[in-house]
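Residue numbers (numbering that gives the first Met the number 0), protein chains in the order written: chain A, 0 to 459; chain B, 0 to 459.
For the record, the hints were derived by calculation from the structure and aren't laboratory data.
Check the hints yourself; a few may be wrong.
Because identical chains share one entry, a pair is satisfied inside a single copy or across any pair of copies.
To be verified - Straight line, CA to CA, 20 Å or less: simulated SDA-like cross-link-like pairs of lysine to any residue: (1) Lys293 - Val375; (2) Lys172 - Glu153; (3) Lys237 - Asp227; (4) Lys237 - Asp259; (5) Lys293 - Gly383; (6) Lys293 - Val366; (7) Lys237 - Val264; (8) Lys172 - Arg207; (9) Lys237 - Asp104; (10) Lys237 - Ser267; (11) Lys396 - Ala325; (12) Lys237 - Asp263; (13) Lys293 - Val436; (14) Lys237 - Asp17; (15) Lys237 - Glu268; (16) Lys237 - Asp93; (17) Lys237 - Asp107; (18) Lys172 - Asp263; (19) Lys237 - Leu103; (20) Lys237 - Glu179.
Protein chains: 2
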Amino acid sequence: MTDTSQTTPPAPDAAEIDAALLADMSDAVEERDVRWLARTLQRMHPADAADALEQLPYDTFEEAVELLGGELPPDILIELRDSYREGAVDVLPDHAVVNALDELDSDDATTILDDLEDDRRERILEDLAPIDRAQLERGLSYDEETAGRLMQTEFVALPEFWTVGHSIDHARKLGTELPEVFYEVYVTDPAHRLIGVVSLATLLRTHREAQLSDIMEDPMSNITTDMDQEEVAYQFQKYSLASAPVKDAAGRLVGMITVDDMVDVIQSENTEDLLSLLNVSSADGSDSVWDTVKARAPWLAVNLFTAFIASAIISIFEGTIEQLVALAVLMPVVAALGGNAGSQGLAVAVRAIAERELDGPAARRAVLREFLSGTVNGVIFAIGVGIIAFLWFHQVKLALVIAVSMLATFMWAGLSGILVPLSLKRLGADPAVASSVFVLTLTDVMAFFSFLGLATLVLL
Amino acid sequence: MTDTSQTTPPAPDAAEIDAALLADMSDAVEERDVRWLARTLQRMHPADAADALEQLPYDTFEEAVELLGGELPPDILIELRDSYREGAVDVLPDHAVVNALDELDSDDATTILDDLEDDRRERILEDLAPIDRAQLERGLSYDEETAGRLMQTEFVALPEFWTVGHSIDHARKLGTELPEVFYEVYVTDPAHRLIGVVSLATLLRTHREAQLSDIMEDPMSNITTDMDQEEVAYQFQKYSLASAPVKDAAGRLVGMITVDDMVDVIQSENTEDLLSLLNVSSADGSDSVWDTVKARAPWLAVNLFTAFIASAIISIFEGTIEQLVALAVLMPVVAALGGNAGSQGLAVAVRAIAERELDGPAARRAVLREFLSGTVNGVIFAIGVGIIAFLWFHQVKLALVIAVSMLATFMWAGLSGILVPLSLKRLGADPAVASSVFVLTLTDVMAFFSFLGLATLVLL
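With the hints as constraints, model all of the structure from the sequences given.
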């Protein structure tokens, strides 16, 4: 195995994990060569090492983690995707988990603790130093998806009367005791209340004698431990932050959030919207067939119900269809286009709501715009579909019926696409969840009812 | 107006722009009170000021910008949404644009230049100092959506033999000439090739005598000017970066990208996927009715075509429907559920492709999983729909026909939902664009053909 180890560390541009490395890793697991495996992983960037582990067959991955035990660097553990990390924590011995909790920043340690079964968590917490234990337990006490959960309790806070020179000397003395990554220091009063922020760039370019109180700036963000992660991400995005302080209800500085965690939040909130709009409740690359079924069947069941509502409407007009079967041929066209127009509006509305573009008067403008553009597209496609229907069936009245019903459905679709998510938002619900089922049901009902109803009135 | 000015600057937690402020701003525009307007905007964070301006009616916004002219802080200009910024640049006088280009970081200046009409851009470039002009022209020469376009040319590069102490002294001497925001300094060789990175935190905690070459680390990212922004964002995300150096083809350090720009890229790539999946080609909060129609009509036209393919299939079975009109009542159920199942798989696949979870063997596993979970859901909903159809129409054979056709459509939907985006990706196309139209057409064809075809064989 010794010659293959020369293939690591990978060149920095090796974003793709090469097949040879994966094969070597599998071999090492089979030969139980812990030393080679540990050394190879340690030489890689933790994110790359995690990628490589995830590309192994799942059984091999578990075996590798079990083999490594305490030799698996905690940095790699935390870079694994949720399901892999949970699987790894399950097979790691207690002492390795305790070691990881010790080494990791508090936000990452909380993530690991959260993966543990209740009784194991109790047992492991008892093995920690009391001060670490108290800190981690406080971390777990914050609700999920809040700033309190996301923050790390490692940050640098200095009193306002310190000078730049003294601050830098202090940092040199602390050396590696400082957090590994930070972009700014916080200035606090004697009661630990946050009063200002000094970026490291400012600290660096200011002369030694300047006092922190002279160079500190107001914190742009205003994040408290109970703030929803979506709001935190919004502040990071709006104010272009790399990190931000977190305060408790009394205004005391209790933590720091860094932008890398926010990037993950933004990504997952976006994913949630996308999946919700297409009726999936969750997804993970490593989901089993059963997880996949569970994430989708409930929405299909709702859809089964709404589809039969549409059927019920069609069945009202059975007599009409019997006399003119062309209606059965054409009715899916009206429903499909109407549904598509509604979904388009819905997608735009959900995105605009997420980016807070539909606050206040903008919402009214958007409703008007959707109604008008639905009408314009309605006219265009009413004419198009009317012409095709006429060319196909040579019946002017049938062509007129489908054209009018198409226009009505498009206008209705325009309104539904924006009013459904806006109403859900006003009701305090997530505008992405369930809205597409609503919109499609509304447009289907309108399409079938207007088309078959008009046909009954005009053609029979 | 003087008393109202006391309402600004807003409290840091005033994420919502209050109505009173907007009314005061409108009044100020009407009374042409440039001084009050300029002072009020300057006291706010540029992002908040931009938000406030965007909430004015569009005409008032344009008037405000025209009034302010050179008094509009460039920081605010760059915080405006694309369409507003373009509108603002249009009404600003040349000297105000020149001033903005001077003051802004090069990446932001390039954005402004890009907004200008060709002849105006030429005229304005001539007003700039030759050195600035050359730099901005180079910025414009990079392709859109590449690292070259996104990077700023303001960064800090130091030689490897410098000590920490010398570096800090140098930074103090440069003072405000340094970039306003930076999180790391780059270490270069005499040929300007990047050889290492030192974070400001490391610089701060290391003793003065240490040489940069001793404390520098390998750059984790490997970004070149021609790299696609999506790849750049991926590296930021993977390696949890706050900033990264950009090299030219010869390995020389030419720029720096900061994470705030990457957050915008991640957000817009996500938005693009969401809109594409729901058949919208672009969206902006301030789009006019006409823009909205243009962004949606082409996809509706494609859908019109595919809907008539489905119609053509139904028309093959006109004779069957004439004899048993219950088929017309039930056929949309099969199509709706099959389409929904296909979209669910598609949403999960597009997300997984974007997050690079479907590389290599993972793709084969995903295809199998989608097929199997399609089959499982197919069995569940075949039974469900079969029972409902039987209770409604009291015909065992009809219930069996719809059940079998439902199962076939679900299996087909599972495969389509994953194979369509994977194939588009393999062909080098965006897996989110056009894929939902493909998937829905495939499932519609399968639904109508299997249901009506089986009915013809079994029921007549």
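Going down the list of hints, with the structure as the test:
In this homomeric assembly, Lys293 and Val375 come within 20 Å of each other (Cα to Cα) only across copies, at 10 Å, whereas the closest approach inside a single copy is 41 Å. Proximity of Lys172 to Glu153 under the C-alpha cut-off of 20 Å is restricted to the intra-copy arrangement: shortest distance 17 Å within a copy versus 31 Å between copies. Only within a single protomer do Lys237 and Asp227 lie at most 20 Å apart by alpha-carbon distance; the minimum there is 16 Å, versus 24 Å between protomers. In this assembly of identical chains, the alpha carbons of Lys237 and Asp259 lie at most 20 Å apart whether taken from the same copy (15 Å) or from different copies (9 Å).
In this assembly of identical chains, the alpha carbons of Lys293 and Gly383 lie at most 20 Å apart only when taken from different copies (16 Å versus 41 Å within one copy). In this assembly of identical chains, Lys293 and Val366 lie within 20 Å of each other by CA distance solely across copies; the values are 18 Å between and 35 Å within a copy. In this assembly of identical chains, the alpha carbons of Lys237 and Val264 lie at most 20 Å apart whether taken from the same copy (15 Å) or from different copies (14 Å). Both within a single protomer and between protomers do Lys172 and Arg207 lie at most 20 Å apart by alpha-carbon distance, with minima of 16 Å and 12 Å respectively.
Proximity of Lys237 and Asp104 under a CA criterion of 20 Å is satisfied inter-copy only: 18 Å between copies versus 26 Å inside one chain copy. Within a single copy, Lys237 and Ser267 get their C-alpha atoms as close as 18 Å, and across copies as close as 14 Å, so both meet the 20 Å cut-off. In this assembly of identical chains, Lys396 and Ala325 lie within 20 Å of each other by CA distance solely inside one copy; the values are 12 Å within and 25 Å between copies. Proximity of Lys237 to Asp263 under the C-alpha cut-off of 20 Å is found in both arrangements, the shortest distances being 16 Å within a copy and 10 Å between copies.
For a Cα distance limit of 20 Å, the shortest separation of Lys293 from Val436 inside one copy, 18 Å, qualifies, whereas the shortest one across copies, 25 Å, does not. With identical chains, the CA atoms of Lys237 and Asp17 are at most 20 Å apart between copies only, with a shortest distance of 17 Å across copies and 39 Å within one. In this assembly of identical chains, the alpha carbons of Lys237 and Glu268 lie at most 20 Å apart whether taken from the same copy (16 Å) or from different copies (17 Å). When the C-alpha separation of Lys237 and Asp93 is checked against a cutoff of 20 Å, the pair qualifies neither within a copy, at 42 Å, nor between copies, at 28 Å.
Taking the shortest Cα distances, Lys237 and Asp107 sit within 20 Å of each other only across copies (16 Å), while inside one copy they are farther apart (25 Å). In the homo-oligomer, the alpha carbons of Lys172 and Asp263 never lie at most 20 Å apart, since the shortest distance is 33 Å inside one protomer and 38 Å across protomers. Taking the closest pair of Cα atoms, Lys237 and Leu103 come within 20 Å of each other only across two copies (18 Å); inside a single copy the shortest separation is 29 Å, beyond that limit. In this assembly of identical chains, Lys237 and Glu179 lie within 20 Å of each other by CA distance solely across copies; the values are 17 Å between and 26 Å within a copy.
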